[in-house]
Amino acid sequence: MRELVLTRHNELIDPLVRVWGWEIPVYLFLGGWVAGMMILVGYFLLRGRNREDTCVCSVLPGTSFVLLSLGMGALFLDLEHKLYVWRLYTTFEVTSPMSWGAWILLLVYPALAAAFALRPPGILRDLFPAVDRLSRRLDTPVGVRGIAAANLVLGIALGIYTGILLSALGARPFWNSAILGPLFLVSGLSSAAAFGHMVARHQEERELLARSDNVFLAIELFVVALFLVGLLSSSQAHVAAARLVLGGPFTAPFWVLVVGAGIVIPLMIQLLAVTHRIAHTPVGPLLVMAGGLALRFVIVAAGQVSHWAKV
Amino acid sequence: MARYGMVIDTRKCVGCTDCVVACKTENQVPEGLNRDWIADDATGSFPTLHLEIRTERCNHCDSPPCVACCPTGASHVDPFGAIVLVTPEMCIGCKACLASCPYDARFVHPDGYADKCTFCIHRVKDGLDPACVSVCPTHCMTFGDLDDPNSEVNRQLASRPPHALMPAAGTEPRIFYLT
Numbered sequence: 001m002r003e004l005v006l007t008r009h010n011e012l013i014d015p016l017v018r019v020w021g022w023e024i025p026v027y028l029f030l031g032g033w034v035a036g037m038m039i040l041v042g043y044f045l046l047r048g049r050n051r052e053d054t055c056v057c058s059v060l061p062g063t064s065f066v067l068l069s070l071g072m073g074a075l076f077l078d079l080e081h082k083l084y085v086w087r088l089y090t091t092f093e094v095t096s097p098m099s100w101g102a103w104i105l106l107l108v109y110p111a112l113a114a115a116f117a118l119r120p121p122g123i124l125r126d127l128f129p130a131v132d133r134l135s136r137r138l139d140t141p142v143g144v145r146g147i148a149a150a151n152l153v154l155g156i157a158l159g160i161y162t163g164i165l166l167s168a169l170g171a172r173p174f175w176n177s178a179i180l181g182p183l184f185l186v187s188g189l190s191s192a193a194a195f196g197h198m199v200a201r202h203q204e205e206r207e208l209l210a211r212s213d214n215v216f217l218a219i220e221l222f223v224v225a226l227f228l229v230g231l232l233s234s235s236q237a238h239v240a241a242a243r244l245v246l247g248g249p250f251t252a253p254f255w256v257l258v259v260g261a262g263i264v265i266p267l268m269i270q271l272l273a274v275t276h277r278i279a280h281t282p283v284g285p286l287l288v289m290a291g292g293l294a295l296r297f298v299i300v301a302a303g304q305v306s307h308w309a310k311v
Numbered sequence: 001m002a003r004y005g006m007v008i009d010t011r012k013c014v015g016c017t018d019c020v021v022a023c024k025t026e027n028q029v030p031e032g033l034n035r036d037w038i039a040d041d042a043t044g045s046f047p048t049l050h051l052e053i054r055t056e057r058c059n060h061c062d063s064p065p066c067v068a069c070c071p072t073g074a075s076h077v078d079p080f081g082a083i084v085l086v087t088p089e090m091c092i093g094c095k096a097c098l099a100s101c102p103y104d105a106r107f108v109h110p111d112g113y114a115d116k117c118t119f120c121i122h123r124v125k126d127g128l129d130p131a132c133v134s135v136c137p138t139h140c141m142t143f144g145d146l147d148d149p150n151s152e153v154n155r156q157l158a159s160r161p162p163h164a165l166m167p168a169a170g171t172e173p174r175i176f177y178l179t
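These protein sequence lines map, in sequence, to chains Y and V. Quick note: the first sequence uses my numbering, first residue 1, plus one each step. Quick note: the second sequence uses my numbering, first residue 1, plus one each step.
If you're looking for bench data, these hints aren't it; they were derived computationally from the structure. Be aware that a few hints might be false.
Unchecked claim - Counterexamples of contact, computed for chain Y against chain V with all Cβ distances above 10 Å:
1) G48
2) S58
3) R133
4) F227
What the hints assert, rightly or not - Stretches of chain Y that chain V covers, calculated by requiring three or more beta carbons in the stretch to come under 8 Å of a beta carbon on chain V:
5) 87 to 98
6) 170 to 181
Ideal placement from N, C-alpha and C gives every residue a C-beta, glycine not left out.
Just chain V, with the same shape it has in the complex (with noise of 0.2 Å):
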């Protein structure tokens, strides 16, 4: 069974927000509220500044506190890709899976459910990329099996020493960031 991951080139990402109308658009999002976003990460100081530019979003990770401390089972690892997924008829709203995610990835949707990233697991089902990855106008987002290791994902986690976010809050992230 495939282990659905991403990779995404902050070299090649110029933060122009595609991937995220993307998304709101392919999975109506409602209005104010984003499943996935970008962030300009600016560090070091005057003259050597350094900034990356990232798209964000659940790291659907392999290790999820989300997943953990649904009293429900709403919040899942499903057998399609392991992709962590939210059911709505069986959340109660509780939002304990919003205060365990270390990403902020997750939200209220307006009609009362934990809503986050997806995958877009219909489209992939279907066999296409999601949605934010199919429109990015750079191709810096690379999506794929991590188990496969002829996969293209893992072709591009070879290229350059990838790093994941906040490593030490423990979720085993999916989601690598090139630098």
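Extracted from the complex, chain Y is given alone in its bound form (with noise of 0.2 Å):
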């Protein structure tokens, strides 16, 4: 029998830590999708995929350049020191995942910027001439390899990123894994195809992105059983906190929305549509889309209640 009993009742801390709520998981989703779609636009562009005025790959920059904006927002929100959040930016803290973040993040702008500029909307063409000196100047091709060598690497850094920036809190054992990491960026690629693949007006394209979904979550499928088997063969601590999701509080959640609607209904449906025998429709890539910003809620929320044996 063991019996703690505390006097101290903080905000946030006592009974259980909360102290992130719905703002990072939102953030971190929309982080990794960004990070897959830059990956994904990478990809294309060195395809040289930008020629084609249907290319997917003109709609995503522009559409993460909202996302990640979105997810900042989001992250600010978080902020219980809001008025000091350019302290971030007086520093480097090399160990500091956090402040590694903030200084991809500024990365990030530019390089999707650029990756719009190739190919911006008409409407801004006509009503700004530099756009169009500027999309002119960029498209050479030097320059498109140069922007999708940028968003390619920092597509990664961000995704990994995401991960990272919770695997690095050892004090809650449900984090403290490597695979946090990978996990993130291929859920994040995941989320990006099923978006390109709801968006994309090419048939080529749609199929290749609705098969590279299907690897996609397959290896997510992979990466999961290996987050939780690297969990399993770890110390007591991380037993336990494998367990919050293999029979405990948060099974349920993780099982039913991350694993089965997030990740094993949308491969089915993919798999059934790219071998033709049902038509490409949204449901799967919304599924997806749903399952990453699941995965992201229940980790957080699961690694907050995670701790080390009190003694």
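Could you fit the two chains together into a complex? Lean on the hints.
Right, here's the structure in full:
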């Protein structure tokens, strides 16, 4: 028998830690999704697909810009000392993933803006001749390759960072896994491919994105399994953390929303679509994106209640 | 340079909460929040029960995860006594330090910044003990320099086998308990 009674009742801490609410999962989801879209943009640019008027790579940068701004808005809402947010950019703390993230985000915006400027909407070209001039200047083989490389590298960095942000917090055994970075990266990629699948106008692109999404979902399933195996083969605190989703209070949301509705069901729907047994529908992609959001909510919530043995 | 720490004799601690009241008064800790607290830890099964009463606070770890994860440098190790502190005007209130602390020793001050025990650095600089130590009616707490082999904390540590909280978390806490 063990009974520990504390006289402490600090808000957000007791009886269970709940320092991060909806804002952080939403930010992590949008950040991962944008990271995936940057990687896809980089791929399409390297393949020279930007020459096509209908290429999905002309839609993704602008969408990413909006989504990332929404995510950063959520992050800002979470801050308790909002007026001091500028302090993030007065230093670079090498051991702090959040500091890395702040600086990565500062580089992500110009990379997205450059990708957007390669093929801006006609109305922008007409209204602002400078946009048209910039677009022509960037649209050279070297320029396109440079923008593609920047989007690929920064996309991977952004996607992994959203996982490292949590995994670096060793006090919470559920988060304390190096697998979280790859898990969030592949989840972001699958959300991005799902979104591209939904908005692509080119049949060939839609097929390609659906097929690649299926590969990402299969990898995600494998990485989820690795994540759990990693926790279960570690210390007693990590095993207890894994049990939060293996019979514990987060079992239903994790297996039903994240794995079932977010990975397995859309994977089956999209497998039928790419083998031409059913038509492409937005159901699969929407489930993938909802699953990506649910993944962040479950991971953030379960991580906060996981802890080391108190003595 | 000193490396301050604390030794707490759990056979002397009666859980009177004088230390808690002293801390709140000395540091004007807002209502409903605590920088230090009492833990009643009962283990075993009848009739071989064991009760340990402890006064707990930030462990001012040698390897503080709250400092490592801080994105602005607001959480830092002060050169004076290696005490872990927060600079309120550098803190953005991201709460990463709250999530990183295995002891849950931090909280958000109503003004928005992360707050915690400071070992009463303002008193220690004047040659005084932290407020919690100075008011303890049973003298269960000893504060001093862990790097000084002749300090009272080191004499206490040598007197009985000490234990720290959650050593598996790997933060190298500097508060030790004598059982």
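Hint check results:
1. In this structure G48/Y is separated from chain V by more than 10 Å, as the shortest Cβ-Cβ distance comes to about 39 Å.
2. At roughly 34 Å, the least C-beta separation between S58/Y and chain V is larger than 10 Å, which holds for a residue marked as non-interface.
3. The Cβ of R133/Y sits about 38 Å from the closest Cβ of chain V, beyond the 10 Å cut-off, so the non-interface label holds.
4. In this structure F227/Y is separated from chain V by more than 10 Å, as the shortest Cβ-Cβ distance comes to about 19 Å.
5. Here the region 87 to 98 of chain Y counts 9 residues with a CB under 8 Å from a CB of chain V, which clears the bar of 3, and the coverage holds.
6. With 3 residues having a beta carbon nearer than 8 Å to a beta carbon of chain V, the region 170 to 181 of chain Y meets the requirement of three or more and the stated coverage holds.
When each numbered hint is compared with the structure, no violation occurs for any of them.
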